Amino acid sequence: MQKENREGVKGWLNPTRYGLSRFAYWLQRLTGVGLLAYFIAHIIETSSLAEGKFAWEAMLDLTQTPGGHIILIIVIGMSAFHAANGVRLYITEGGRGVGRPGRPDYPYRPTSLGPRMRACIWVTVALAALAMIYGANVLFGE
Amino acid sequence: MKTIKLRVFRHIPGKDSARYDIFEVPVERWTTVLDALLYAKAYLDHSIAIRYSCRMASCGSCGMMINGIPKLACYTKIDELNTDTITCEPMSNFPIIRDLATDFTAFFQHHKDMKPYIVNDVDRGIDAETREFLQNPKQLDEFMQFSYCIKCGLCYAACPTVATDKKFPGPQALAQMYRYFADNRDQAADERLKIVDDRHGIGRCHFAGSCSKVCPKGVDPALGIQLLRGYMMGFSKKEKSNAKLYKPEK
Amino acid sequence: MRESHIMNIHYLTGLAAIVLVGIHIMFRLIMPFAQSLEYENIIANYQNLPYAIVLELILLTVAIHGFNGLRIILIEWRQGEHWEKGVTWTCVAAAIAIIAYGSRTIIMANMAGAA
Numbered sequence: 004m005q006k007e008n009r010e011g012v013k014g015w016l017n018p019t020r021y022g023l024s025r026f027a028y029w030l031q032r033l034t035g036v037g038l039l040a041y042f043i044a045h046i047i048e049t050s051s052l053a054e055g056k057f058a059w060e061a062m063l064d065l066t067q068t069p070g071g072h073i074i075l076i077i078v079i080g081m082s083a084f085h086a087a088n089g090v091r092l093y094i095t096e097g098g099r100g101v102g103r104p105g106r107p108d109y110p111y112r113p114t115s116l117g118p119r120m121r122a123c124i125w126v127t128v129a130l131a132a133l134a135m136i137y138g139a140n141v142l143f144g145e
Numbered sequence: 121m122k123t124i125k126l127r128v129f130r131h132i133p134g135k136d137s138a139r140y141d142i143f144e145v146p147v148e149r150w151t152t153v154l155d156a157l158l159y160a161k162a163y164l165d166h167s168i169a170i171r172y173s174c175r176m177a178s179c180g181s182c183g184m185m186i187n188g189i190p191k192l193a194c195y196t197k198i199d200e201l202n203t204d205t206i207t208c209e210p211m212s213n214f215p216i217i218r219d220l221a222t223d224f225t226a227f228f229q230h231h232k233d234m235k236p237y238i239v240n241d242v243d244r245g246i247d248a249e250t251r252e253f254l255q256n257p258k259q260l261d262e263f264m265q266f267s268y269c270i271k272c273g274l275c276y277a278a279c280p281t282v283a284t285d286k287k288f289p290g291p292q293a294l295a296q297m298y299r300y301f302a303d304n305r306d307q308a309a310d311e312r313l314k315i316v317d318d319r320h321g322i323g324r325c326h327f328a329g330s331c332s333k334v335c336p337k338g339v340d341p342a343l344g345i346q347l348l349r350g351y352m353m354g355f356s357k358k359e360k361s362n363a364k365l366y367k368p369e370k
Numbered sequence: 404m405r406e407s408h409i410m411n412i413h414y415l416t417g418l419a420a421i422v423l424v425g426i427h428i429m430f431r432l433i434m435p436f437a438q439s440l441e442y443e444n445i446i447a448n449y450q451n452l453p454y455a456i457v458l459e460l461i462l463l464t465v466a467i468h469g470f471n472g473l474r475i476i477l478i479e480w481r482q483g484e485h486w487e488k489g490v491t492w493t494c495v496a497a498a499i500a501i502i503a504y505g506s507r508t509i510i511m512a513n514m515a516g517a518a
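Protein chains in written order, with our numbering: chain A, 4 to 145; chain B, 121 to 370; chain C, 404 to 518.
Hint data in this document are derived by calculation from the structure and do not stem from the laboratory. It should be emphasised that the depicted structure is a prediction, and the values quoted were computed from it without experimental measurement. A portion of the hints provided could be inaccurate.
Quick list of in silico lysine to aspartate or glutamate cross-link-like pairs, DMTMM-like style, CA-CA up to 25 Å [to be verified]:
#1 B:Lys122 x B:Glu148
#2 B:Lys135 x A:Glu7
#3 A:Lys13 x C:Glu487
Turn these sequences into a full structure, and let the hints guide you.
Written out as structure tokens, the structure is:
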């Protein structure tokens with residue numbers, strides 16, 4: 004990478020510099036990897052069902068703890084963001100809701116990154132936050 | 121007169137190690153980064169390697185990282201950066217030739233791979249009387265925006281996929297692919313979709329939007345790429361090319 | 404397989420996963436959460452054939468979507484014929500392994516309920 008002067012993975016990991024869309028890209032990638040890791044762990048965790056009641060309850064003792072609940076709340080937030088942002092990307096990457104080409108004029112504001120797009124991204128973040136609050140209420144409220 | 125610190129990246133690959141030279145440059149309200157660099161080159165260190173030409177955001181030569189963001193040096197006023205220390209580095213994702221000058225070979229090759237010309241081979245009985253293809257303003261507006269690209273490379277420097285994927289054509293090439301795809305004079309729509317339908321093609325764009333954010337000409341390459349992807353995925357349908365050649369009546 | 408077909412599969416599995424995982428989460432909220440995790444209640448869920456089918460579909464959609472996403476990240480990170488082939492086949496194998504292991508749990512839990 005040095006000879007080609009490419010930013011490398013550092014370029015992926017820095018969500019600043021380029022506005023909200025770049026932040027959404029960074030978060031979509033991060034939550035995707037996080038959810039895949041959780042998915043694998045969840046399949047392994049639930050496999051204890053096949054070993055009988057005692058194995059299942061031993062697994063519950065491990066996961067139904069304050070630490071386990073916090074991890075689950077983070078997973079809820081990641082799922083909500085990844086899902087909502089995923090729907091936004093499904094729509095926009097198909098060329099819908101990104102505007103139409105026109106005659107650009109100063110200050111050259113790109114139509115694909117307009118206020119509606121930014122609002123959609125904020126809605127996905129808000130949905131994730133709401134889901135996390137609801138999850139915390141269910142998990143810690145009992 | 122105000123003075124700012126200009127941190128300039130200095131490096132000759134294979135000859136010395138990278139370093140930053142700091143120059144104290146006097147600036148006015150209207151001074152651009154290019155003006156500051158040329159002052160440093162004229163009066164402080166003649167050996168600074170820098171590319172520039174038109175000085176008015178028309179040629180795309182002076183692209184560089186200014187305080188970590190790809191910008192045209194001629195189009196960026198010192199005032200708008202709101203800092204007294206300006207760091208100038210060569211554009212990311214381009215091999216360095218020397219100091220701030222970068223190699224555009226791969227960038228131009230990706231562009232060439234997109235067949236950046238009208239493909240229209242059908243024999244239309246062209247003779248001395250035949251004039252241009254007819255194209256109404258509505259058809260022109262479909263692609264005109266993307267033809268404003270000056271190939272400055274800022275979008276290529278900003279793109280997170282280009283940061284790691286050597287085979288990805290980059291936002292400029294893909295936007296130009298859409299420019300020709302959307303042109304009603306072009307007849308190679310299916311072929312163009314086949315070119316971008318590749319493991320390292322249009323699918324590797326994830327709409328981070330950084331390209332459109334940094335484009336100095338309002339080309340909005342992200343828009344072109346998503347519109348092209350819509351056609352490739354079958355969400356939009358393109359009419360067959362129907363451009364007619366104009367022949368004046370005798 | 405053309406990349407556009409893989410992308411279509413990625414989009415469709417993603418959308419399907421949203422609906423299916425939504426149903427999965429609903430099942431945990433039809434009674435107090437801690438109670439819904441009791442062994443007998445979970446086994447009763449697995450005995451419910453439509454729900455077991457939903458779980459199997461979640462396995463399929465999330466595994467395909469997730470491992471394809473990982474494949475995309477890895478081939479963007481590094482390129483080369485051997486690397487890309489290796490990553491593709493490893494992700495396919497990992498997805499099949501997870502689907503097999505999860506299906507084993509569903510089948511055994513379903514049979515435990517029947518027993």
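Hint numbers contradicted by this structure = none
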